[in-house]
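Use these hints to put chain B onto chain A, whose structure you have.
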Amino acid sequence: MAFQNLSSRLQETMRKLRGKGRLSEKDVDEVLREIRLALLEADVNYKVVRDFIALVKERATGHDVLSSLTPGQQVIRIVNEELTQLMGGSQAKLTMSPQAPSVVMMVGLQGAGKTTTTGKLGQMLKKQGHRPLFVACDIYRPAAIKQLQVLGEQLDIPVFTLGEEDPVKIAAAAHRHAQSYNNDIVLIDTAGRLHVDEGLMNELVNIKNEVEPSEILLVVDAMTGQDAVNVAESFNEQLDLGGIVLTKLDGDARGGAALSVKAVTGKPIKFIGVSEKMDGLEAFHPDRMASRILGMGDVLTLIEKAVESVDQEKAERMAARLQEAEFTLEDFQDQLAQMKKMGPLDELLGMLPGVGNIKQLKGLEVDDNHLNKIEAIIHSMTPEERRKPEIIRSSRRKRIAQGSGTRVQDVNRLLKQFNQTKQMFKQFSGSSKGRGKKGMFSLFQ
Amino acid sequence: MFWKKMFSDKPKVESKEEKQSFLQKLASGLEKTKSGFVAKVEEIMTGRKVDEELFEDLEEVLIQADCGVETTLFLVDQLREKARSEKITESTALKEILVDEIISLMDGNADTLKTPQDKPYVIMVVGVNGAGKTTTIGKLAHRFKQENAKVILGAGDTFRAGAIEQLAIWAERTGVELISHQEGSDPAAVAYDAVNAAKARGSDVLILDTAGRLQTKVNLMSELSKVHRVCVRELGRELDEVLLVVDATTGQNALSQGKLFQEAVPLTGIALTKLDGTAKGGIVLALANELKIPVKLVGVGEQYEDLQDFDPKLFATTLFGEGEYEE
Numbered sequence: 016m017a018f019q020n021l022s023s024r025l026q027e028t029m030r031k032l033r034g035k036g037r038l039s040e041k042d043v044d045e046v047l048r049e050i051r052l053a054l055l056e057a058d059v060n061y062k063v064v065r066d067f068i069a070l071v072k073e074r075a076t077g078h079d080v081l082s083s084l085t086p087g088q089q090v091i092r093i094v095n096e097e098l099t100q101l102m103g104g105s106q107a108k109l110t111m112s113p114q115a116p117s118v119v120m121m122v123g124l125q126g127a128g129k130t131t132t133t134g135k136l137g138q139m140l141k142k143q144g145h146r147p148l149f150v151a152c153d154i155y156r157p158a159a160i161k162q163l164q165v166l167g168e169q170l171d172i173p174v175f176t177l178g179e180e181d182p183v184k185i186a187a188a189a190h191r192h193a194q195s196y197n198n199d200i201v202l203i204d205t206a207g208r209l210h211v212d213e214g215l216m217n218e219l220v221n222i223k224n225e226v227e228p229s230e231i232l233l234v235v236d237a238m239t240g241q242d243a244v245n246v247a248e249s250f251n252e253q254l255d256l257g258g259i260v261l262t263k264l265d266g267d268a269r270g271g272a273a274l275s276v277k278a279v280t281g282k283p284i285k286f287i288g289v290s291e292k293m294d295g296l297e298a299f300h301p302d303r304m305a306s307r308i309l310g311m312g313d314v315l316t317l318i319e320k321a322v323e324s325v326d327q328e329k330a331e332r333m334a335a336r337l338q339e340a341e342f343t344l345e346d347f348q349d350q351l352a353q354m355k356k357m358g359p360l361d362e363l364l365g366m367l368p369g370v371g372n373i374k375q376l377k378g379l380e381v382d383d384n385h386l387n388k389i390e391a392i393i394h395s396m397t398p399e400e401r402r403k404p405e406i407i408r409s410s411r412r413k414r415i416a417q418g419s420g421t422r423v424q425d426v427n428r429l430l431k432q433f434n435q436t437k438q439m440f441k442q443f444s445g446s447s448k449g450r451g452k453k454g455m456f457s458l459f460q
Numbered sequence: 021m022f023w024k025k026m027f028s029d030k031p032k033v034e035s036k037e038e039k040q041s042f043l044q045k046l047a048s049g050l051e052k053t054k055s056g057f058v059a060k061v062e063e064i065m066t067g068r069k070v071d072e073e074l075f076e077d078l079e080e081v082l083i084q085a086d087c088g089v090e091t092t093l094f095l096v097d098q099l100r101e102k103a104r105s106e107k108i109t110e111s112t113a114l115k116e117i118l119v120d121e122i123i124s125l126m127d128g129n130a131d132t133l134k135t136p137q138d139k140p141y142v143i144m145v146v147g148v149n150g151a152g153k154t155t156t157i158g159k160l161a162h163r164f165k166q167e168n169a170k171v172i173l174g175a176g177d178t179f180r181a182g183a184i185e186q187l188a189i190w191a192e193r194t195g196v197e198l199i200s201h202q203e204g205s206d207p208a209a210v211a212y213d214a215v216n217a218a219k220a221r222g223s224d225v226l227i228l229d230t231a232g233r234l235q236t237k238v239n240l241m242s243e244l245s246k247v248h249r250v251c252v253r254e255l256g257r258e259l260d261e262v263l264l265v266v267d268a269t270t271g272q273n274a275l276s277q278g279k280l281f282q283e284a285v286p287l288t289g290i291a292l293t294k295l296d297g298t299a300k301g302g303i304v305l306a307l308a309n310e311l312k313i314p315v316k317l318v319g320v321g322e323q324y325e326d327l328q329d330f331d332p333k334l335f336a337t338t339l340f341g342e343g344e345y346e347e
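Residue numbers (the numbering used here), protein chains in the order written: chain A, 16 to 460; chain B, 21 to 347.
Rather than coming from a laboratory, the hints here were simulated on the basis of the structure. Beta carbons are placed, not taken as given, at the ideal position from N, Cα and C, and that holds for glycine. It is possible that some hints are incorrect.
[Said to hold, decoys possible] Computed beta-carbon distance windows for the label pairs:
| id | chain 1 | residue 1 | chain 2 | residue 2 | range |
| --- | --- | --- | --- | --- | --- |
| 1 | A | Arg-402 | B | Arg-221 | 52 to 60 Å |
| 2 | A | Gln-424 | B | Asn-216 | 31 to 39 Å |
| 3 | A | Asp-181 | B | Gln-137 | 43 to 51 Å |
| 4 | B | Gln-323 | A | Ser-112 | 37 to 45 Å |
| 5 | B | Tyr-324 | A | Ala-352 | 30 to 38 Å |
Chain A on its own, in the form it takes in the complex (with noise of 0.2 Å):
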């Protein structure tokens, strides 16, 4: 999960602020100090975590803070307002132009991700019901142009190319291109360059002059180090960006580069990768990620993703027939499907509160995989065997394992387990108060 490391060093920080009724100075100082470590190892740049420190320290020393009640959680806040104040402050949007075709300017170093954003960001335009246009101005890197046409074929997103011809002829033609074939927006991928290669940035200053576009975002990649913020300053100099795409923050980047690009070039970061997916490009709201990073979830993001993706009268059904205690397994296997299509699983459980702190949970790697594994098992049932789950006995059970390519150990462990959850989803709907939530966590593992 992205920001992982940094946001359990935070975690494992700010729990010894938590309980204390008294804070003295030097505590406070203690704490900071460690901050500044994490930060450090995080990759956030040195002279970002040195005024980031300043400002905490200057505001968690004063006098209401530490003679108030709660000072611990007063840090605590002080340090998530400031994590998000670094990060940008509010969610920053695509600018567009007033007059269509809007251009977008992807730019970057090579390798940051600059063809998969585009390709992404095409379908979350398109989602929302633009009319994107891929343009190919890489010219330079082997079958750069291809990737995009593959990519443009996925998405059924048309794509411009004039082969190897010169960049700032390929941009302009293809901004005629758009106008005459009603293409809001337009979206031109460029050839990943060096911040200090001064002929490379020079094309992308003549593309800006040639088709002036409303938007030119920054691709960057979360694993970058110390190095984000001369690329970030030097990019921002030369094309003046409009914002930051941060990328393959699925990993387990400590997300440094985010925290020091926006302080230093002052430009917000707009979107971030999320996965190697097309859907996998997220906006970025710095609110949401300053409480994910300490721990305090982004259940937000959740509830977003969950409305998104969850079929609207099937979940009106569902809670129906879950009040009822009717849930069987072809309830089951739709709640399965739903939950696939929010996103990775490990993704999700980021998003709750305190589940990264959760001690069983540490080094647990969420693997679809097993998810996937329910599915088949249930795909291999007859209709009768999904409604009435307790008819399957044992040379069933063994069909249905060999049907799946499962074992019959895998078969009872599932059945087992819908049973456990059917038992919590009565007591749910018997007293509101749910006993524990095992069945379902349980089958993550």
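This is chain B only, laid out in the frame that chain A set:
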């Protein structure tokens, strides 16, 4: 005959001009590192009293160069110790010790590609997305081809759009053979075919590409283990090289990459790419100190010949602008 030529003992079969141009590139590539990291070290280390403040400033510079907190503290403690025991009070003397420390840190951890024993010489290339695997393979292919080796490339990245085409273009450019399946096919099957084709066709070298994957994706990492397993089984022995390609601009995450890839496949070395763009070289130190996986190759530019064996002394001296290599 080819084997001798390909990996004869140092010095490499290289014309003087080539050597020179690589050195120039390394020097100019490291120019950034020099002006950033080294200039700051120089600044701190010239004409100052050796005191706690100096050590703290040095700490700051090292961390900013991506050396990592652990390695930085290790280096600075080492210096503190030496300063105390040898009663050094003058900062210039301390600088020399720092250079020595850095060289010795890297020296124990440098190596070149293994000398081939059997045909085919098999290299598997792994790494996170966008590290520069395919480009590194292209450069390696060119290098072996120059030595008149019969080279086969295996297009094991069946996931990313356009990856197979990218490798195909490299194969065509360098004039080597390519074994590929369709996009979306099983990479282990590609590996199987590639190894068997290399054996059947009597190739000297097989370089197997793999899809970029983040080291935390358990499923993808076990897929990588499987691909490796298939290669070993079909080859009947361990692979000659399993290289982790690391982007030099990567920060401390490079350590996590090393650790987790090592768990999935037996890494034999690291190829550090894009060293020409970064203002830091510090991750080399962190990798050497904490992982003990030797850095074998460095990439400093986009030309074929810009991928070379890693030479820690050369690296350190070029870094500090000392010795004969300075422009």
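Do the hints match the structure? See the list:
For A:Arg-402 and B:Arg-221, the Cβ-Cβ distance of about 58 Å falls inside the hinted range of 52 to 60 Å, so the restraint holds. For the pair A:Gln-424 and B:Asn-216, the beta carbons lie near 37 Å from each other, so the given range of 31 to 39 Å is met. About 49 Å separates the C-beta atoms of A:Asp-181 and B:Gln-137, a value consistent with the hinted range of 43 to 51 Å. Distance hint check: the CB atoms of B:Gln-323 and A:Ser-112 are about 40 Å apart, consistent with the given range 37 to 45 Å.
Taken as a hint, the range 30 to 38 Å is violated for the pair B:Tyr-324 and A:Ala-352, whose Cβ atoms sit roughly 50 Å apart.
Going down the numbered hints, you'll see the structure goes against just number 5.
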